[in-house]
Structure formats: C-alpha cells, structure tokens
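> Line order of the protein sequences matches chains W and X.
No gaps in the numbering here: position 124 of the first sequence is 124 in UniProt numbering, and each next residue is one more.
No gaps in the numbering here: position 140 of the second sequence is 140 in UniProt numbering, and each next residue is one more.
Treat each hint with caution, since some may be false.
Remember, identical chains collapse to one label, so a pair may be satisfied in a single copy or spanning two.
Stated by the list, open to error - Think about it this way: if two alpha-carbon atoms lie no more than 27 Å apart in a straight line, the pair counts; the simulated DSSO-like pairs of lysine-lysine are: (1) Lys52 - Lys180; (2) Lys180 - Lys3; (3) Lys8 - Lys180; (4) Lys52 - Lys27; (5) Lys2 - Lys52; (6) Lys3 - Lys27; (7) Lys3 - Lys52.
Worth flagging that the hints you see were computed from the coordinates, not collected in a lab.
Protein chains: 2
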Amino acid sequence: MKKSLGAKTLAYPTPVWVVGSYDAAGKANAMTAAWAGICCSAPPCLAVSIRKERHSYAAIMARRAFTVSIAGQSQVAQADYMGMVSGAVADKFAVAGLTPVRSELVDAPYVAEFPVAIECRLVQTLDLGGHTQFVGEIVDVKAEESVLGADGHVDLSLLQPLIYAPGASLYYGVGPVVAKGFNVGRAYMD
Amino acid sequence: MKKSLGAKTLAYPTPVWVVGSYDAAGKANAMTAAWAGICCSAPPCLAVSIRKERHSYAAIMARRAFTVSIAGQSQVAQADYMGMVSGAVADKFAVAGLTPVRSELVDAPYVAEFPVAIECRLVQTLDLGGHTQFVGEIVDVKAEESVLGADGHVDLSLLQPLIYAPGASLYYGVGPVVAKGFNVGRAYMD
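Can you build the whole structure from these sequences, using the hints too?
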C-alpha cells in the first residue's frame, strides 16, 4: 500500500552537476544543480534548471554557454559548497581550491580537478516558474583517463559520481553493477 | 589530463524512470526513460524526453498526463524490458507481470509493484530534435512504507533505485550515504 507524500520534487536518483559560467565581470563561477538531466540524443543535449535570482542565471543568458563538471565522491564537500554560496559574494573556485579551465569550445569554464567536464552551447531556455531550464547542446565531453574503463567508456566504479536524494537531502555513492542495459530485459521477450 | 570523448550524451548519473500512459485504445502502457530529471521546485515539475515515434508520445500528448514509476534493483529486468519493446506491439504490463493502477489524479496508470509512483499533469512540451521533452507538474508522489526511513523521507538504501550509465549502458545500484547535503560544504564557509 502506497502512502501519499504530496506534490513535491521527490524523484530518484538526481545528479550532482556543477554548472560553470563566466559572470559579467569575467569571473569564473560554478554552482551545483540537482534539477538536471540529459534531454535529447540528436543533437546531444542536457538540461539544468536554475532560479532567476542565482548569479549563474544572468551569466549563462549573456554568454549563451555553460559547462557541467562532475565531481567524484571524495569531492563532495566542494560540490556541496558550490550549491550553498552565491558567486555574487564569493570566488567559489578560489575558496574551494579548484581551478577554472577556460573551454576552447564554449565561453565558459569547467573544473580542472573534477574527473568529467561537459561543454555546452545554450540552445533553449524554458521558464517553468521558480526555475528556468537551460538546455545545452553538448559540444564535447572530456574525462580523465583514470575514470575510463578498458572499453573506453566512463566507468562509474572509477568515477564514483555523487547521487543526490531530495527529501532526505543526502548524497549517496554509486553501488555495484546490477545488470547490462538493453539486455537483462530479454528475459521477458520471446 | 582529460581526454575528449566527443559530442555525446555522456553524463552521470541518469535515472531509470518508467513512464506510464494510456494509449488511444485505453490500454495501459509504460516505457523506460533515462533522459529525464526534476526541473522545477515551484511548481514541482519533472521532465522526461521521448522520441516522436514512440508509442507513449501520442498517448501523453492526447491525455496530457503521465506517471513515473521507480523500480527497485530487484526489478531491473522488468524496467529494462519496458525500454526495449513498443507498447504498440505488446502489452508490456502483462508480459512483465506488472499491474497498472489507474491514477485518481491524472489520466495515466502507474506500476503497482514499483515502490515509488509520481503522478504528473503535462504542462509543457519542448521539441529538441530527436526527442521531445515532456514537462509534468507533479501532483502527488506515492511511496511504499517499506522504502520510507524513520524520518518519513524515502530512504535510497531501502528503495535501491537503479542508476543508468550511458556509454557503457550498465545499470548500477546505489551505494552508501556519503554526506549530508547543504551541510558538508560548510567546511569551506567562514
């Protein structure tokens, strides 16, 4: 028997993506977002939702570009900090001891120390009320060789990306492989 | 040193959400989507991206409603199957041994056996090319008491939601709690 929890943003898992941009003064900034996901295969796009009052909002609007950097589990304090403080009042990269890398493809910085960086060109915005969704076309994904498996794919056991649980407001790690996609479901096919 | 992986939909984690709808014949259908995420707090909204050629596309457009059911790790084969086969040619609920429950709030069914169900009213669509993003306002979240922690929140250690890794195309489980959100980052604040 299911219990009603109400009309709330409770859905699992959500990602922990650190969204990089340059502000009007040219300062590298980054904020952590969990309201986000991949949203199209062709062209490859992802979406991150940001409130209008956030420092990153005007920055992304002006430069039409952003990045997504993905922290490993050991970088949880840095990722959390970047979701707690505004880039309007702090140089978050400097405070967290992180290095902004200027993308050669889009007008935005990514986090050198985080193992994965995704460079995006802003292609759509969608005003949803409290949040505006920024849809970015992925122009490149860059990953440290240390998080790539033997098959050349990012290996989540090596990357150890964070998972955020709304409601409880906890970060979790990734567990073991459960099954192969587009494969284990064959059990139900003729 | 980062290695370029190209302009691809590689971002981690992605969710494994089973999207329920009624088709034109009134048959309950569900398809699994990983291109998805929460996208607004007020009103509470989530987004799922679906290709125009999918059976669910017309269904959601017509009824202006869908649900998201979240499987536990033990239900991975059922969730995977529902992403492999079209509801145009199969009664996926019946084949997978799952029970559609008619939502009392929106015109769509959810999966009785999956621990979490989210009922959504379609509020926006965004054509992105290969995929169309369906933005649903969350009108209720329902969860089995067995996945709720002592604090009343969904406990991911109990729910054990699946995580999908694009590229490698693997399902992973959730690991242990790493840290408390909006808390561990205080290490970098005065």
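> Under the constraints set out in the numbered hints, which ones does this structure not fulfil?
Violated: hints 5 and 7.
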